[in-house]
Amino acid sequence: MNTICALCGSALTSTDMLVGKNRLADGGYLCTGCFTKAVNINRDLLHTLDQFYFAEITGMFLKSKIDAGQTQNDSSYTGNTYQYDAPTRMDEIKDQIVALKARLSVLANEEVKELANILDRDEKLYAIAEGIDLQSKREGIIFSTQKRLAFIDKKFLGGVVKNEFSLQNISSIDHVENLLYSILKINTNRGTAEFKLHTKNDARAFTNILNRNYNDTVRSSSQDSISLQAFTQTIPDLVQENVFTTGSEDPSTIFEQLEKLGKLKEMGILTDTEFSEQKKKLLEKL
Numbered sequence: 012m013n014t015i016c017a018l019c020g021s022a023l024t025s026t027d028m029l030v031g032k033n034r035l036a037d038g039g040y041l042c043t044g045c046f047t048k049a050v051n052i053n054r055d056l057l058h059t060l061d062q063f064y065f066a067e068i069t070g071m072f073l074k075s076k077i078d079a080g081q082t083q084n085d086s087s088y089t090g091n092t093y094q095y096d097a098p099t100r101m102d103e104i105k106d107q108i109v110a111l112k113a114r115l116s117v118l119a120n121e122e123v124k125e126l127a128n129i130l131d132r133d134e135k136l137y138a139i140a141e142g143i144d145l146q147s148k149r150e151g152i153i154f155s156t157q158k159r160l161a162f163i164d165k166k167f168l169g170g171v172v173k174n175e176f177s178l179q180n181i182s183s184i185d186h187v188e189n190l191l192y193s194i195l196k197i198n199t200n201r202g203t204a205e206f207k208l209h210t211k212n213d214a215r216a217f218t219n220i221l222n223r224n225y226n227d228t229v230r231s232s233s234q235d236s237i238s239l240q241a242f243t244q245t246i247p248d249l250v251q252e253n254v255f256t257t258g259s260e261d262p263s264t265i266f267e268q269l270e271k272l273g274k275l276k277e278m279g280i281l282t283d284t285e286f287s288e289q290k291k292k293l294l295e296k297l
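Residue numbers for the sequence shown follow our numbering, so the first one is 12 and each next one is one higher.
Hint data in this document are derived by calculation from the structure and do not stem from the laboratory. Watch out, some of these pointers could steer you wrong.
Simulated pairs of lysine-lysine, DSS-like, Cα-Cα distance not exceeding 27 Å [said to hold, decoys possible]: (1) Lys207 <-> Lys165; (2) Lys48 <-> Lys74; (3) Lys291 <-> Lys271; (4) Lys211 <-> Lys271; (5) Lys76 <-> Lys112; (6) Lys166 <-> Lys196; (7) Lys135 <-> Lys196; (8) Lys76 <-> Lys124.
Across the chosen pairs, the derived CB separations fall in these ranges [what the hints assert, rightly or not]: (9) Asp133 <-> Leu269: 41 to 47 Å; (10) Asp78 <-> Glu277: 35 to 41 Å; (11) Gly170 <-> Lys274: 30 to 36 Å; (12) Gly170 <-> Ser75: 32 to 38 Å.
Ideal placement from N, C-alpha and C gives every residue a C-beta, glycine not left out.
The task is simple: from the sequences and hints, build the whole structure.
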């Protein structure tokens, strides 16, 4: 199997492999062209590339691209306006990964690229790591945003396997740290999912972030519940009026009471059972 460049994806030649200084800390390699570009950005990489991870190198390239776009020499000048390529969604995602100091290996490249198709425009990565779904035994990346936690695995022949959990459906989150790895346990109303993360500190980071997000979500839901109660209190004509009994046998009055009964059901004040019982009583008066 040919070794490919972690940045451009081209197959490495025997000359590339003989350079000896183009290996990354996570086991990936740079071809001679990408290695030269990296050294031009940071001369220290000539002797220290093996101390840097793929995400850190891509961050350097992105920063160099943005900095270059802000100078007159590397920009198109039209009138009083400088024009340069704006960062793509993929650039933003890689920037977030660098900011999180995530330790992703070159094996996660395909899954990282897929994030541009999976994440909504307003979603921001809060945590990301490589790991194994212990139920399916698939290896990929697990990430969390302000909306969800998800595991994805880019299949070899195309397509993506995804296991996703909305934060609202997560009841609790636990983790166990071992010497070389950690276990992240997600408890939901549908059951439990477990993931083995390749770094022992990754699960702790997920737990802290997700517990904070989960508490915020619960707090928001509580506020919504209070708002609903306040709303029902602003319609005393429906809440306080006795729609369950009537002293009149006039059919028009019965139908009016049935209409109000339906409104109470739509608002969630009456359950289906309560609605059916009271509807039956009113219909018996016709």
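Inset, instruction - Any hints from earlier that this structure breaks? Give me their numbers in increasing order, please. - result: Hints 4, 10, 11 are the ones this structure does not satisfy, whereas the remaining hints hold.
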